[in-house]
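Enquirer: Quick mapping for you: the protein sequence lines, in order, are chains A and B.
If you read the first sequence in my numbering, its first letter stands for residue 1, the second for the next number, and so on.
If you read the second sequence in my numbering, its first letter stands for residue 234, the second for the next number, and so on.
It should be emphasised that the hints constitute simulated quantities derived from the structure, not laboratory data.
Here a beta-carbon is modelled for each residue, glycine too, at the ideal position from N, C-alpha and C.
Just so you know, not all the hints are guaranteed correct.
Unchecked claim - Computed cross-link-like contacts, DSS-like style, restricted to lysine-lysine with a CA-CA straight-line distance of at most 27 Å:
1. A:Lys-143 / B:Lys-235
2. A:Lys-10 / A:Lys-68
3. A:Lys-167 / A:Lys-10
4. A:Lys-167 / B:Lys-235
5. A:Lys-68 / A:Lys-167
As the list claims (entries may be wrong) - One side of the interface only, derived from the structure: several residues of chain B facing chain A at Cβ under 8 Å:
6. Ala-236
7. Arg-238
8. Leu-240
9. Val-243
10. Arg-248
11. Ser-536
12. Val-721
13. Gly-726
14. Thr-728
15. Ala-733
16. Ala-816
17. Leu-819
18. Ser-820
Said to hold, decoys possible - Stretch-level coverage of chain A by chain B, calculated; a stretch enters the list once three of its residues show a Cβ under 8 Å from a Cβ in chain B:
19. 7 to 19
20. 26 to 38
21. 208 to 221
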Amino acid sequence: MSIALVVDAKGLTRRFATKEGAVVALSDLDLQVEAGEMVAIVGRSGAGKTTFLQLLGALDRGYEGSLKIDGRELRALGDRALSRFRNGHIGFVFQAFNLLPDLTVGANVIMPAHFAANLPTADAIGRGRALLERVGLPDVWDKRPLTLSGGQRQRVAIARALLLQPKLLLCDEPTGALDLATAAEVLALFDDLRQEHGTTLMLVTHDDVVRDRCGRVVTLEHGRLTSDVRRSA
Amino acid sequence: MKAGRLLGLVGVHLRASRVSAAFAIVGVSVGVAFLCFFVGLGEGVRARVLNKIFPADQLEIEPRAVRIFGVEGTPGQPGLSEARVARVAQIPGVVRALGKQKSAFPAKLWGGRQLLGYDLHTEAFFDGLPAELLRGELAQTERVAASAVARGRRSAERCDVEEDCPAGARCLDGGCEDVAWAQRFDAATLHLRCGTDTECAAGLTCVRGRCAAASTLRSCQLDQGDHGACPEHQRCASHDGRATCEPIRCRLAAAADQRSLDPALARGKITTAGKGPSCIAGQCPTERPCPSRLYCAADDPDSREGTCEWPLPTVVNPLLLEVFNSDMAASLNLARVASPEILYGVRYHIAVGDSHFTQDAARARQQVKQAVVVGFSPKAPELGVALPLAFVQHNNARIRGQDAAASFDAVLVQVRSNEDVAGVIRAVESMGFSLSRRSRVARTFGTVVFLIYLALVLLSFVVLGVAAANITHTLAMLVHERRRELAVLRALGATTLDVALIVVLEGAVFGLGGGLLGIILAWAGARGVERFAADALRGMPLVPDQFFDFPPWLLPAALGVAIGFCVIGSIIPARRATRLDPATVLSQP
């Protein structure tokens, strides 16, 4: 029986042109991630974690080698197809939350539905309300993001990321702006989601607590994958 | 991304950037306000001033003149015959071509006692125009008369004589009735008195004292009613076994009565034996005046004998009224004439063959005629009066000889549209014609007005261009401020087209808002200028009631131009937005 790979990177390399010459941010990286895994990506600053996350998030197609997400080679997709793919398959949770401050919480949560082809607004609203309830924020629909605490904002961002039920959830320092208790709540939420929906989670983190909650830890150094450790549950 | 959702996002962005949006909208509104203001002014000046003096679709052409030692003339050129006029009418783009003849006989004119309390006297110059050319103006007079008659009927006013009725109406069976002025302007209602054929214009012969084409003599039945089916101003008479309609003869109490407008004096007494309009059940009173609204026109200034005639219908150039209102009224200490309609139906006298300045015609060929104002038209001469063409031709022939009436002086050409004017001018010039001085002035004036109008509209476009540059700057700034939001939208699934549309739509909303505000500003500015002008330009000639004319197409056109400029102005910021690298932006702290 074949195992479903959500992420399949082979010889993945990313170079950036600078005035001083080409800088290699990622070099010859091989990594396969199965559905439902929770993977921590760790490493020092400048190790290539964020670059890797952006490649995984289909925000950057300037790579060499091969990168397949849910079986699709990203470089082969045009702008429109790539945007649609990102919209339907990938969810983002940022350290700085990146909620749109001029919109209400509800409007932020259903924003991905604006770019989805087949999700009526009424359905999106229903799904958004259910997600907010799921993340423990049933009463903030009409509030502005700036009126919420950091932990609440991060949970709103998670609800937004999950609206279209992505197969891959990418998180960049998801607990970086949170206190310990709130961070623990968010991590518990990630665990639940993984178990309930089989969502694959890949988290860039410096936080040992986060790293310890993940079943797999991938370490990057100078753009190279130097360690890939699986832990037993 | 669906349009409704896109607009919702645009609305949210604009609300968040309302100060910048307000400045951008004000900038666009200034440009649109300029544009609408100047277009409205240009259209108003053209419609209410230029067309009032020189109708845009009318050309006046005349045989090309040659200047020899400072004297203009048309040596060696054939006269302007009916045939040449007909050839002009065949030119593509010409709706109709009608000949016009100027009066070659001296004439004096006096009148105005009804309005001024005393008579004004002047030398008179006439243009003979065909009724067809003035049909629109005469219909306007008829509408005014019909409206006044309708008001009279509603108030149950009765009449005994025509003077009891509103101007332009006649008294019939105790009630006021409308009058068809266009018919009165036609040759058929005119009495063209003659002694011999030589006193008649070409094509007419002198039949029983009046010029007529033999074929047009109207037959009648002597045993049918008062008139034997003749028009009101004629009677049925038998000559040589044939009954035809002919003028009703009358006599004035004194020769001087022909210079009176008093109906009791001017209508005289009918002298023609037989049936007449006053006969009741076959019994005719021995002495009765000319029928209602007619007067007894004496055969010459010293005669008491004459014929019952309609007053001569005359059309006046509105410029005369402007000159009266602006200069004459004040200097003569008279009230200004508020509306031309007041003058409809005003009677005055014309002394044909008499002059203040030149040698008079033979006394026997002079005639005093009553005339009535039946309309205003820029086709009438600026310093004269338009009369029925047949009347001018007849008197030119009677006083100056048939040659004076043999050809037209000019041709009035109505062109289908402004686009046809240039082609028609080329065609008539190739036929040996040139534009009359009046038409040349009209075209020069029109060109100057158009160039000024064009310059102001171009200036408006420059202002709009500056506004568009401002839009570019504003949107570029907003894109820079919102680059993180745009990157998030890209991360959530927005395509580059979605991002570009958001920016372009924001520009379009600036255009829509600026366009609407600009239209309101232009309208308010126009009203303000008109209110100011009404006080500042009071008494000046040709000042219209309204300077501005906002045509229906201007509103969508102004909005379209505003939106178009703003969309163009948003293209560069939109391209910049699409080139934002979400990975780079989102990785920045």
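Enquirer: Each of the hints needs a verdict: does it hold here or not?
Expert: Comparing the hints with the structure gives:
1. For the suggested pair Lys-143 of chain A and Lys-235 of chain B, the alpha carbons sit about 25 Å apart, so the restraint of at most 27 Å is met.
2. A C-alpha spacing of about 9 Å is found between Lys-10 of chain A and Lys-68 of chain A, which places the hinted pair at or below 27 Å, so the restraint holds.
3. Distance check on the hinted pair: Lys-167 of chain A and Lys-10 of chain A sit about 20 Å apart at the alpha-carbon level, within 27 Å; holds.
4. A distance of roughly 25 Å separates the Cα atoms of Lys-167 of chain A and Lys-235 of chain B; the hinted pair therefore holds under the 27 Å criterion.
5. Note on Lys-68 of chain A and Lys-167 of chain A: the hinted pairing holds, with a Cα-Cα distance of about 13 Å set against a maximum of 27 Å.
6. Annotation: interface hint on Ala-236 of chain B violated; nearest CB of chain A at approximately 11 Å, more than 8 Å.
7. Interface hint status for Arg-238 of chain B: upheld, as the beta-carbon distance to the closest one in chain A is roughly 4 Å, under 8 Å.
8. Residue-level restraint check for Leu-240 of chain B is violated (minimum Cβ-Cβ distance to chain A is 11 Å; threshold 8 Å).
9. Below 8 Å, beta-carbon pairs count as interface contacts, and Val-243 of chain B has none with chain A, the closest being about 12 Å; its hint is therefore violated.
10. A least Cβ separation of about 7 Å between Arg-248 of chain B and chain A falls short of the 8 Å threshold, and the interface hint therefore holds.
11. At a threshold of 8 Å, the smallest CB-CB gap from Ser-536 of chain B to chain A is about 97 Å, leaving the interface hint violated.
12. Interface restraint check: Val-721 of chain B against chain A, minimum CB-CB distance 5 Å, threshold 8 Å, status holds.
13. With a cut of 8 Å, the hint placing Gly-726 of chain B at the interface with chain A holds, because the nearest CB-to-CB distance is about 3 Å.
14. Interface hint at Thr-728 of chain B: satisfied, since its Cβ lies 4 Å from the closest Cβ of chain A, which is below the 8 Å cut-off.
15. Taken as an interface hint, Ala-733 of chain B does not check out: its beta carbon lies about 11 Å from the nearest beta carbon of chain A, beyond 8 Å.
16. Given the 8 Å rule on beta carbons, the hint for Ala-816 of chain B holds: about 4 Å separates it from the nearest Cβ of chain A.
17. Evaluation of the Leu-819 of chain B hint against chain A yields a held restraint, the C-beta minimum of about 7 Å falling below 8 Å.
18. Using the Cβ-Cβ criterion of 8 Å, the hint placing Ser-820 of chain B at the interface with chain A is satisfied: the shortest such distance is roughly 5 Å.
19. Counting residues of the stretch 7 to 19 of chain A whose CB falls under 8 Å from any CB of chain B gives 0; the rule of at least 3 is not met.
20. Remark: the stretch 26 to 38 of chain A is not confirmed as covered by chain B, as 0 of its residues place a Cβ nearer than 8 Å to a Cβ of that chain, below the required three.
21. Restraint check on the stretch 208 to 221 of chain A versus chain B: 0 residues with Cβ-Cβ distances below 8 Å, three needed, restraint violated.
The earlier numbered hints that this structure contradicts are 6, 8, 9, 11, 15, 19, 20, 21.
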